[in-house]
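Chains as they are written, first to last, in full-length UniProt numbering: chain A, 1 to 335; chain B, 1 to 335; chain C, 1 to 335; chain D, 1 to 335.
Treat the hints with care, as some may be off.
30 Å max Cα-Cα, derived BS3-like pairs, lysine-lysine [said to hold, decoys possible]:
#, chain 1, residue 1, chain 2, residue 2
1, D, LYS60, D, LYS127
2, A, LYS266, A, LYS107
3, A, LYS253, B, LYS127
4, D, LYS60, D, LYS242
5, B, LYS10, B, LYS253
6, C, LYS199, D, LYS60
7, C, LYS167, D, LYS230
8, A, LYS127, B, LYS127
9, C, LYS230, D, LYS10
Read the hints as simulated data drawn from the structure, not as lab findings.
There are 4 protein chains.
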Amino acid sequence: MSYITYNAAKPLDFTAIGRLCIDLNANEINRPMEETMTFTKYVGGSPANIAIGMSRLGMKTSFIGKVANDQMGRFITTYLENNQIATSGVVTDDSGAVTGLAFTEIKSPSECSILMYRDNVADLKLKPQEVREELIANSKMLLISGTALAQSPSREAVFLAIDYARKHGVVIAFDLDYRPYTWSSPEETAIYYNLAAEKCDIIMGTREEFDNMETFEPNPERDDHVTAAKWFNYSAQIVIIKHGKDGSIAYTKDGASHRAKSFPAKVIKTFGAGDSYAAGFLYGSMQGWSIEKSMEFGSAAACIVISSHSCSDAMPSAEQVQDYIDRCNRGEIIV
Amino acid sequence: MSYITYNAAKPLDFTAIGRLCIDLNANEINRPMEETMTFTKYVGGSPANIAIGMSRLGMKTSFIGKVANDQMGRFITTYLENNQIATSGVVTDDSGAVTGLAFTEIKSPSECSILMYRDNVADLKLKPQEVREELIANSKMLLISGTALAQSPSREAVFLAIDYARKHGVVIAFDLDYRPYTWSSPEETAIYYNLAAEKCDIIMGTREEFDNMETFEPNPERDDHVTAAKWFNYSAQIVIIKHGKDGSIAYTKDGASHRAKSFPAKVIKTFGAGDSYAAGFLYGSMQGWSIEKSMEFGSAAACIVISSHSCSDAMPSAEQVQDYIDRCNRGEIIV
Amino acid sequence: MSYITYNAAKPLDFTAIGRLCIDLNANEINRPMEETMTFTKYVGGSPANIAIGMSRLGMKTSFIGKVANDQMGRFITTYLENNQIATSGVVTDDSGAVTGLAFTEIKSPSECSILMYRDNVADLKLKPQEVREELIANSKMLLISGTALAQSPSREAVFLAIDYARKHGVVIAFDLDYRPYTWSSPEETAIYYNLAAEKCDIIMGTREEFDNMETFEPNPERDDHVTAAKWFNYSAQIVIIKHGKDGSIAYTKDGASHRAKSFPAKVIKTFGAGDSYAAGFLYGSMQGWSIEKSMEFGSAAACIVISSHSCSDAMPSAEQVQDYIDRCNRGEIIV
Amino acid sequence: MSYITYNAAKPLDFTAIGRLCIDLNANEINRPMEETMTFTKYVGGSPANIAIGMSRLGMKTSFIGKVANDQMGRFITTYLENNQIATSGVVTDDSGAVTGLAFTEIKSPSECSILMYRDNVADLKLKPQEVREELIANSKMLLISGTALAQSPSREAVFLAIDYARKHGVVIAFDLDYRPYTWSSPEETAIYYNLAAEKCDIIMGTREEFDNMETFEPNPERDDHVTAAKWFNYSAQIVIIKHGKDGSIAYTKDGASHRAKSFPAKVIKTFGAGDSYAAGFLYGSMQGWSIEKSMEFGSAAACIVISSHSCSDAMPSAEQVQDYIDRCNRGEIIV
């Protein structure tokens, strides 16, 4: 049972809105960034990564966002186009904004951190009047990402995109992706995350992200069932709560909960795990697969990405994901 | 038929949230402000005026807001208390904010303008964590005012207040009260007004205010019925659209529209007409009166205020309003 | 000995640059402002008051500043013109700035305070390219006021005005007038006050103001002689240090110090004392009077202003000041 | 004739104040940055480069500045220390500021550009109270850089450093280094550049930078002699005006002008030419060399840097510079 029905008449499978930025990944890894001398440039940002993942998986994909009027912005747009992602919804900033940056530090496979540049970034300057209604109307699914809610006018652009999606019968997936540094306060975050989540069909986040959303509500036990039940009273059909090493649980409106088995991986870094998981899971959902099969597919996609140096550029094709699952099932991947 | 049911078990009748400021009304009127030499100080701000109006009409009233830590702020709190309005929800700013000011200019009864001081004002610094849930839980009605949505963190405080009201079965009235100078753009205004209005039971505003809310929606004829129908698909029971000199129309969820007769008045200025009308109408609604009778009561209350020098201080008692209606009906008030 | 030589060939006697604002003086005095109900509007701001004082004393005066594009701004410009002050150097803001306000509170003759509105004020938006060089070139004296150094671009405008004055042989008087609320930090204040004071011929301020200027310099005893000596190493000829109730001392480059006798006054409030003193003293200096006689004239002018309700509007003519001195000398003014 | 006398009793030769940032230099060059995939990290910022240059040339050097509390900041401090530059004057930001970045693009040896990240950068947050007076007091020379004047509080810190230098008989060199993106307006720049330059002994900049400083002064012919003469009326002994491909001219207070011969170089990029020239020239001045010999030494140092991939890391030792001059003189370097 897939729980979600997609409108097959829509020509586009998937549109994401939000952050487009640059990852600068340390080439010399397993050391502090102070000792890293060179960096490789990739397209980054959670919704960008998920869109690239969906396109690699064969979905007809488009993006709604804003890039800086500089070399970094042009690199991003070109990269999306080279990955068969429609960029008619990607506008160029004219206010002197810069491209957001994320320098990654990989001290060890389990000790990863990010140094962010998020002041005056172009992606947060997307205006509601720059959101093209017909792109959303023509999509089976809209993905929104929490970081795009952090500041005006991007925040308003996302709320308008949500309204367009509901007006046109587009399934809305919400990847919470909470990054504190761009928000004024946790209370502000809670307010807008809740306003957005009320209108979404699929909500995906970590337990800590859901905790923050419950700042003004009693859930002292941090109980997943209380959390999920709230959203089923609004629009949600599926709520995925991630518990780090303890795995993810998908809650569905029928009261069921779902877990998927996990796969071994030769981990280089943990970045990108969530984005590739989201792409794999949403892809499965759009194929009409069961929750479990979709989660399994997402897990395998994540294994591939965390075994690689980049996030976006390592997003696998459906064949690669299936092959990884098959090899795991045959016991060929041992860590 | 009154359309709205109030929970009689709640001890408070009415709580308003939002702007508290100072009106400085020209003493020498019928001239440009350049030639005005002295001003009289009154409490002002649309929700403050409505709360004072409700209290004068006999409703048990409280206020949720923020005042500056100065003489103006203390004057406001004292004035509310002297008018039997509970101020346990009024907090004092500690960031150096000032009290918003409105200097009024009365060139003639029909040529009135306001010179606003709205930079760094205390009322827009109300934080969500400063909104006392039990005050709302204990109220039959919550009034929100659009100006409080103009900036963070006041905007978030209002969204939280709305959530508290819905959680506790409190009727929500939304007075649009759009003041462009505190907003970044009309598009931003439209987004947040819509997010708030979706959750309100009674929505009151001018045709122009509703037009702005429809920035991203087709209503080319500016048709009241299209406007009202949208909100009946959400939570609204009553939508009042004001057409200036052509009078106000109340639309109700049953498809009916309602007009009330108007009264003559010896107009000094037009300020305060909307606030006193709102107080009179909401009072009538809480008495279980018909829409028409409530509108008539609001109109008479407005006549009293626009015949006076102040807004807040001129808010009438129920006896005064009834007396005004009676005198009009006897033909004793001739303009 | 007058210590300063003025260029008699210059057609204007006196040009001031800086703050133009509105005083709203409590009509009901000897009580806290919370209990004040009405206010009277006057032109205010230290350099405005001094310019009005100089014009009343018969000096040909002009002003360089910026006013808001509103009723308050137009009132200010008209008032200056009505007081024979040339306003060709007064430009109008086009950025939506407001007029600075000062609400006065007079609890008792010795307990006076001010509630300031200084956010987004027009006077601090004067740009250097708006300073008309020929106005300064044609003046015998330029008065700068410390508050105009508090923020950009007004700060830059003042530095440019100083350069114009030095280029054209114009005497520069610096009224320190330190108002902490518009400054980022006392350290910032110290830096710019020093940069300006280095180029001034006459420096007037309180002991506390000079203390703040010495933030980064050793003067542990707060010794007036150390303070004055520093400035004589730069451009100063006269340094007046005010010690509150202990009176003012004028230090001169020849090493002398000067005190003047004081006069009795029926004090209503202390506001305006410094500005009227400055006008009286500078007037005396321009007449070629001795330091002592100039200080005495300033003291008498101050007595007249502090016995009145307003600052600007109470500035006396030379005849009124002389008459006050004469009456004091005849023992006719007894407090 | 060297024109400048340095106080041999001071233990430190050279202290620079101002920008510390990171250069990210394209590894794949001679193409647009869009096509660059990897970047190498270097310490950058004009005064940092000059300080590194001076230290490599054997001068006892220290730095006064502020770094971010992150990996980039720690890298900078460590790099300075590894280059024998005292960092007791380098403080760490605690406000969440980031390290300024400069991505370099080398399309061809003559087509170079920089993509800057200058929002919320640590170097501009240096406060005056963080400037250690004794570091300056103990230095023979203080170098200030124009970019540090762009914003508060760094601007105030530089003005205080200048005052400390004058108080303690330290020679001040001013490298104009005008970068428009951090300034509010060219007029603002002109005001502060002039205020600083009045107090400096050596002023170095391009003709365009001096033009901007003359925004409010008549020099319609953009005449170097007019420009230099102005500064000789203040404190300057040497004014170097750079005319791009036409070479640099040093003007001295005695009315003389000086040119040096130039050297051939196999240019990779033009970045760093000015900084290495400055280091070479100032080094020569401190050796008591003639202006011409100092300029020649600066030119040769610049040739070495522009033939290399980095700026800071390519700064040569005195032996390397002399060797380059010798090889040029022997005709061994042919481009």
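* Asked: Within a Cα-Cα threshold of 30 Å, do LYS167/C and LYS230/D meet the stated pairing?
  -> With a Cα-Cα distance of about 12 Å, the restraint between LYS167/C and LYS230/D holds, given a limit of 30 Å.
* Asked: Does LYS253/B lie within 30 Å of LYS10/B when you go C-alpha to C-alpha?
  -> Holds: LYS10/B and LYS253/B sit about 25 Å apart, inside 30 Å.
* Quick one, are LYS199/C and LYS60/D close enough, alpha carbons at most 30 Å? -> violated, 35 Å
* To do: Would you check the hint for LYS266/A and LYS107/A, treating anything up to 30 Å between C-alpha atoms as holding?
  => Status holds; Cα separation ~16 Å.
* **Hint consistency between LYS127/A and LYS127/B [alpha-carbon to alpha-carbon, up to 30 Å]** => holds, 25 Å
* If you draw a straight line from the CA of LYS60/D to the CA of LYS127/D, is it 30 Å or shorter? -> Status holds; Cα separation ~25 Å.
* Asked: Do the alpha carbons of LYS60/D and LYS242/D lie within 30 Å of each other, as the hint requires?
  -> holds, 27 Å
* To do: With a cut-off of 30 Å on the C-alpha distance, tell me whether LYS253/A and LYS127/B pass.
  => It is violated: about 34 Å lies between the C-alpha atoms, which goes past 30 Å.
* Sort out whether LYS10/D lies within 30 Å of LYS230/C, counting only the CA atoms. => Distance ~25 Å between LYS230/C and LYS10/D Cα, so the pair holds.
Violated hints, listed in ascending order, are 3 and 6; each of the other numbered hints is respected by the structure.
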